[in-house]
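There are 2 protein chains.
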Amino acid sequence: MIERQGTSHDSGTKTGDSDPQASASPLLTDLYQFNMLQAYIDRGMTSTAVFEFFIRKLPEHRNFLMAAGLEQALDFLEALRFSAEDLEWLKSTGRFHKNLIDYLSTFRFSGHVHSVPEGTVIFENEPILRVTAPLPEAQLVETRLINVLHYQTLIASKAARLVLAAPGRQLVDFGLRRAHGADAGLMAARASYIAGFAGTATMLAEMEFGIPTFGTMAHSYIEAHDSELEAFKEFALARPDNLTLLIDTYDCDAAAHKIVALAPRLRERGVEIKAVRIDSGDLAALSRSVRRILDDGDLGDVTILVSGGLDEDQVTRLVEGGAPIDGFGLGTALTVSSDAPALDCAYKLQEYAGRARRKRSVGKATWPGPKQVRRREMGGKIVGDTIGVDGEHQEGKALLIEVMAGGRRMTKLPSLTQIRRHAARQLEHLPQALRNLEHRADYPVEISDLLSRLAAKVDAELERHN
Amino acid sequence: MIERQGTSHDSGTKTGDSDPQASASPLLTDLYQFNMLQAYIDRGMTSTAVFEFFIRKLPEHRNFLMAAGLEQALDFLEALRFSAEDLEWLKSTGRFHKNLIDYLSTFRFSGHVHSVPEGTVIFENEPILRVTAPLPEAQLVETRLINVLHYQTLIASKAARLVLAAPGRQLVDFGLRRAHGADAGLMAARASYIAGFAGTATMLAEMEFGIPTFGTMAHSYIEAHDSELEAFKEFALARPDNLTLLIDTYDCDAAAHKIVALAPRLRERGVEIKAVRIDSGDLAALSRSVRRILDDGDLGDVTILVSGGLDEDQVTRLVEGGAPIDGFGLGTALTVSSDAPALDCAYKLQEYAGRARRKRSVGKATWPGPKQVRRREMGGKIVGDTIGVDGEHQEGKALLIEVMAGGRRMTKLPSLTQIRRHAARQLEHLPQALRNLEHRADYPVEISDLLSRLAAKVDAELERHN
Chain A
1 MIERQGTSHD SGTKTGDSDP QASASPLLTD LYQFNMLQAY IDRGMTSTAV
51 FEFFIRKLPE HRNFLMAAGL EQALDFLEAL RFSAEDLEWL KSTGRFHKNL
101 IDYLSTFRFS GHVHSVPEGT VIFENEPILR VTAPLPEAQL VETRLINVLH
151 YQTLIASKAA RLVLAAPGRQ LVDFGLRRAH GADAGLMAAR ASYIAGFAGT
201 ATMLAEMEFG IPTFGTMAHS YIEAHDSELE AFKEFALARP DNLTLLIDTY
251 DCDAAAHKIV ALAPRLRERG VEIKAVRIDS GDLAALSRSV RRILDDGDLG
301 DVTILVSGGL DEDQVTRLVE GGAPIDGFGL GTALTVSSDA PALDCAYKLQ
351 EYAGRARRKR SVGKATWPGP KQVRRREMGG KIVGDTIGVD GEHQEGKALL
401 IEVMAGGRRM TKLPSLTQIR RHAARQLEHL PQALRNLEHR ADYPVEISDL
451 LSRLAAKVDA ELERHN
Chain B
1 MIERQGTSHD SGTKTGDSDP QASASPLLTD LYQFNMLQAY IDRGMTSTAV
51 FEFFIRKLPE HRNFLMAAGL EQALDFLEAL RFSAEDLEWL KSTGRFHKNL
101 IDYLSTFRFS GHVHSVPEGT VIFENEPILR VTAPLPEAQL VETRLINVLH
151 YQTLIASKAA RLVLAAPGRQ LVDFGLRRAH GADAGLMAAR ASYIAGFAGT
201 ATMLAEMEFG IPTFGTMAHS YIEAHDSELE AFKEFALARP DNLTLLIDTY
251 DCDAAAHKIV ALAPRLRERG VEIKAVRIDS GDLAALSRSV RRILDDGDLG
301 DVTILVSGGL DEDQVTRLVE GGAPIDGFGL GTALTVSSDA PALDCAYKLQ
351 EYAGRARRKR SVGKATWPGP KQVRRREMGG KIVGDTIGVD GEHQEGKALL
401 IEVMAGGRRM TKLPSLTQIR RHAARQLEHL PQALRNLEHR ADYPVEISDL
451 LSRLAAKVDA ELERHN
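Heads up: the protein sequence lines correspond to chains A and B, in order. Residues in the first sequence are numbered consecutively from 1, following the numbering used here. Residues in the second sequence are numbered consecutively from 1, following the numbering used here.
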């Protein structure tokens, strides 16, 4: 169970053990981590290692990504323990020696973490998070650390595209049901809220993170009643606040006429219809005809929300086509990041025992050593980054900051509201070419001379030894 | 916490609270479920409802899907409870009346469930799972039930394609790190094992489900040593069993030569190299040159495993091209189902208070009433299905069977080994055209006359009332 330490949540949140994130077992990792740990412990290879997490390549059609998931990554590092039951089971597999079991029995992550703040725009090869810790510790945390950071970064990045596609519209995450499991459903709500969504349908996200929730009704609700009009009326009386009615179960225009007829009767009882939702069909045409019917029926204040398999391309077409839509419910396309359901990311060794290291596998070579990213701005827009050796003097603002020391997070990490504000500013600072959803625009990310020379030096050492 | 009841696991499993699946909160659902429940409870709409879960449309290039996730779905239904803390929080939102909080405080799922067995091949519009329960119960479970069944069905279906692409080869799930969160990582191991994978790298899947685990080492292990040869030797001594060495950190051919030199020295110490793994580069060419070097070095028994961003198309090309590859590690493409990261699935009301119901939304109309699927075989191959009214006489074997009554699962559900055997037989019974990964082949799924007539009757009733 995780105590949320040093984080200030927004109102209405709670801490506790119902968070699917927190319940992850220390055994939710790859077998090879324990294989390597056994070898490291046998050999006493416990000197300090530096690993960095980064995205190797942006997905097609993407001009930028948005980092997210740091808070859950730090939760994981702080809470990582092996229970008596875990140790017993590891022993029972007969695969590991007593020295490893003993090591794990007192395991605490004692390392340092540097990271870009959540909500920061990032590009290819830029380290997003750096772990500095004794080799076995830095190695053991690899799998779940990637698992946490990858997914939230994936979703914040997708959500940012939707936010750019629908300026001024209300966007809501409806994607829990087809998210990949419990953890993904919850974290998609968090990551999309960071990127600028108004909220989510997922109740647990309100309870855990204070994210505003939105909800209407299912088609089954309409179908369970003998008539649509009766269903509308009963729902309005049971749920009068923020009343939103789903109008596409049978025929949208007919339903809109029923709403026009129903509205004065509800008003007599003090109930106002706030919105209607259309979940299928030709949303551009339906939103127009429904808008007309509502306006003609003196319901100009009733807003129109749409949903149903939408992605940022469809949202763009609806918005640019001038459809009278006030809000979008985004489901599957958001929570599985439909155009790019995974990022080509990695967590790689950069230094061990004071010496820079480098992977040279074909197509997967990495820049060695602990690194820093410097970002330059001009006229309120970002204009170029430099990836350099950590500590090297470079122009621009350093993106990686220390967030954990000695296994404890720094006292004051930003609240979700602050992260969200940071993310909004990041999107404002994007040059117009990068905000474009269709065309690939390249943002200049340079490698510093010092880093290039370090890579050449590491290569020369490798040649000598291999 | 979930007690695994009535399921017989394979050896080496444990039950307990470290399962991310089990820890899902009852609030991991959409707000609209509670809105609808409030209205249902206010109105006393608690008659029996029937909902069915099905896939509306197969993804492009897919000829079939494979159902999975039933055991976790039943776990969820049996364990669904609201804690005092959940109820307190719901109250604190100020959104719900006392009658709903009271209802939730004693909530138990008391319904019946019919389902196709896990590992069964399924097609469009065929009900996979049917819930029969008082309306508020059947409604409340919607979101998480879809969340559970959708993901495992998605992954078992993807894994089945990989199994068909690599006959006789060993397939292992390496995809935890880029799976969408903790729950997805664990359940991908289970679903791919059902479909015919040999195992997974995910330790928790062995602990929870008894699934065999496989693991080698990371590139960081090689890089942390001064030389690759030293890294190989130290690893072999620390982890002599099932010894697999990763050879692509710097240069595969050079590494293979080192292994040939190392093997006799290890053999003197009783250690045999079992396999090498190549994780990057031109796998067809590298596997051939490495095979030659190993064979020339008298290491014909050392097998070659490959990994690194592979999907079923690449696996097919490698296998059909005759590359000397003995096993594949499948990562991201498997656990995010890269070509189709979501299925167009739904959980829809079919009947309420004894009357069949139907959704008629554009492009999303459903067949009404509780249904059954009958499947016909000929010469050991499946030849056609009929979706009919439940209880109707039809030729063929009924796919949906009762698995839960009165909220308790039936005593004897199949073990994971039995599910896996069932899935293997299902793939054997697929006609060749459906086993093809490239071309879309249509399998005949008919709607019975009785079901068509029922749909017409429901439509006529709707016309009268709306």
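Just so you know, not all the hints are guaranteed correct.
Pairs involving identical chains hold if they fit within one copy or between any two copies, as the list cannot separate such chains.
[Stated by the list, open to error] Below, in silico cross-link-like pairs of lysine to aspartate or glutamate (DMTMM-like), each with a Cα-Cα straight-line distance of 25 angstroms or less:
(1) LYS98 with ASP241
(2) LYS57 with ASP313
(3) LYS412 with GLU320
(4) LYS364 with GLU446
(5) LYS364 with ASP282
(6) LYS412 with GLU438
(7) LYS364 with GLU60
(8) LYS457 with ASP326
(9) LYS412 with ASP253
(10) LYS57 with ASP311
(11) LYS98 with GLU392
(12) LYS364 with GLU395
(13) LYS233 with ASP251
(14) LYS412 with GLU234
(15) LYS457 with ASP313
(16) LYS274 with GLU463
(17) LYS412 with ASP313
(18) LYS364 with GLU461
(19) LYS412 with GLU78
(20) LYS233 with ASP253
(21) LYS233 with ASP313
These aren't lab readings, by the way, just hints derived from the structure by calculation.
Verification of the supplied hints:
{"no.": "1", "hint": "LYS98 with ASP241", "result": "between (61 angstroms within a copy, 17 angstroms between copies)"}
{"no.": "2", "hint": "LYS57 with ASP313", "result": "both (22 angstroms within a copy, 21 angstroms between copies)"}
{"no.": "3", "hint": "LYS412 with GLU320", "result": "neither (41 angstroms within a copy, 57 angstroms between copies)"}
{"no.": "4", "hint": "LYS364 with GLU446", "result": "within (18 angstroms within a copy, 50 angstroms between copies)"}
{"no.": "5", "hint": "LYS364 with ASP282", "result": "between (45 angstroms within a copy, 13 angstroms between copies)"}
{"no.": "6", "hint": "LYS412 with GLU438", "result": "neither (38 angstroms within a copy, 53 angstroms between copies)"}
{"no.": "7", "hint": "LYS364 with GLU60", "result": "within (18 angstroms within a copy, 31 angstroms between copies)"}
{"no.": "8", "hint": "LYS457 with ASP326", "result": "neither (57 angstroms within a copy, 37 angstroms between copies)"}
{"no.": "9", "hint": "LYS412 with ASP253", "result": "neither (52 angstroms within a copy, 51 angstroms between copies)"}
{"no.": "10", "hint": "LYS57 with ASP311", "result": "both (22 angstroms within a copy, 18 angstroms between copies)"}
{"no.": "11", "hint": "LYS98 with GLU392", "result": "neither (43 angstroms within a copy, 62 angstroms between copies)"}
{"no.": "12", "hint": "LYS364 with GLU395", "result": "neither (28 angstroms within a copy, 56 angstroms between copies)"}
{"no.": "13", "hint": "LYS233 with ASP251", "result": "within (17 angstroms within a copy, 71 angstroms between copies)"}
{"no.": "14", "hint": "LYS412 with GLU234", "result": "neither (48 angstroms within a copy, 43 angstroms between copies)"}
{"no.": "15", "hint": "LYS457 with ASP313", "result": "neither (46 angstroms within a copy, 39 angstroms between copies)"}
{"no.": "16", "hint": "LYS274 with GLU463", "result": "neither (70 angstroms within a copy, 27 angstroms between copies)"}
{"no.": "17", "hint": "LYS412 with ASP313", "result": "neither (38 angstroms within a copy, 48 angstroms between copies)"}
{"no.": "18", "hint": "LYS364 with GLU461", "result": "within (19 angstroms within a copy, 63 angstroms between copies)"}
{"no.": "19", "hint": "LYS412 with GLU78", "result": "within (15 angstroms within a copy, 41 angstroms between copies)"}
{"no.": "20", "hint": "LYS233 with ASP253", "result": "within (17 angstroms within a copy, 74 angstroms between copies)"}
{"no.": "21", "hint": "LYS233 with ASP313", "result": "neither (35 angstroms within a copy, 53 angstroms between copies)"}
Figure legend: structure checked against the earlier numbered hints; hints not met, in rising order: 3, 6, 8, 9, 11, 12, 14, 15, 16, 17, 21.
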